[in-house]
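Based on the sequences and whatever the hints tell you, model everything.
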Amino acid sequence: MGIFGGQNRIKSQSSTTTLIAEGCTVNGHLKVANQLQIDGHVEGQIEAVNQLKISESGNVLGEITTEHLIINGHFEGICHATRIEILSCGRVSGTVYSDNLSIEPGGKFMGVTNPFEKTTSTQEIPNLTDNLTLISNDPDL
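Letter by letter, the sequence shown follows residues 15 to 155 in the working numbering.
Heads up, some of the hints might be wrong.
Unchecked claim - Distance ranges between label pairs, derived from CB positions: (1) 47 / 119: 32 to 42 Å; (2) 38 / 113: 27 to 37 Å; (3) 90 / 38: 14 to 24 Å; (4) 126 / 37: 10 to 20 Å; (5) 109 / 42: 14 to 24 Å; (6) 129 / 38: 13 to 23 Å; (7) 125 / 102: 26 to 36 Å; (8) 96 / 59: 29 to 39 Å; (9) 33 / 59: 11 to 21 Å; (10) 43 / 119: 29 to 39 Å.
None of these hints come from the bench; they were simulated from the model. From the three backbone atoms N, C-alpha and C, an ideal C-beta is built for every residue, glycine too.
If you want it as structure tokens, here you go:
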């Protein structure tokens with residue numbers, strides 16, 4: 015029987031980890047239902063429901079939203095997470111929103127910490143252009 019038929023078929027599991035391999039570069043918005051491990055380079059917005067790991071070779075520039083963030087590589091940007099662990103090779107620069115931040119000896123953090131807050135989806139942001147007032151000294155405006 016062929017490799018795609020019968021009992022050789024592998025079923026998806028709900029606890030699957032998505033991997034961005036070393037040497038890969040991803041730009042844009044990533045949304046993962048479970049766990050994500052980054053060994054490569056990612057720029058943009060990342061949403062990982064359960065857990066996001068940035069390995070020693072991993073590099074992330076952007077905004078992260080997750081339940082549990084483990085950093086052993088490089089991260090620069092804004093992070094919203096219930097729990098953040100910066101491991102011994104981890105380097106973080108930016109703003110983190112978390113009530114539980116731990117840094118192992120050797121780990122580096124340069125930035126600002128704030129209490130955890132749920133992020134607002136773009137659909138819930140009001141249209142601010144209706145409330146704008148032009149202030150100018152130019153009589154021609």
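Here is how each hint holds up against the structure:
1. 47 / 119: 32 to 42 Å: This hint holds: roughly 34 Å between Cβ atoms.
2. 38 / 113: 27 to 37 Å: Given range 27 to 37 Å: holds, Cβ gap about 32 Å.
3. 90 / 38: 14 to 24 Å: 18 Å, holds
4. 126 / 37: 10 to 20 Å: Violated, since residue 126 and residue 37 (Cβ atoms, about 32 Å apart) do not stay within the stated range.
5. 109 / 42: 14 to 24 Å: 21 Å, holds
6. 129 / 38: 13 to 23 Å: 34 Å, violated
7. 125 / 102: 26 to 36 Å: Distance hint for residue 125, residue 102 is violated at roughly 18 Å.
8. 96 / 59: 29 to 39 Å: Roughly 18 Å apart at Cβ, these two residues miss the hinted range, so it is violated.
9. 33 / 59: 11 to 21 Å: This hint holds: roughly 19 Å between Cβ atoms.
10. 43 / 119: 29 to 39 Å: About 34 Å separates the Cβ atoms of residue 43 and residue 119, which means 29 to 39 Å holds.
Of the hints listed earlier, those the structure fails to meet are numbers 4, 6, 7, 8, in rising order.
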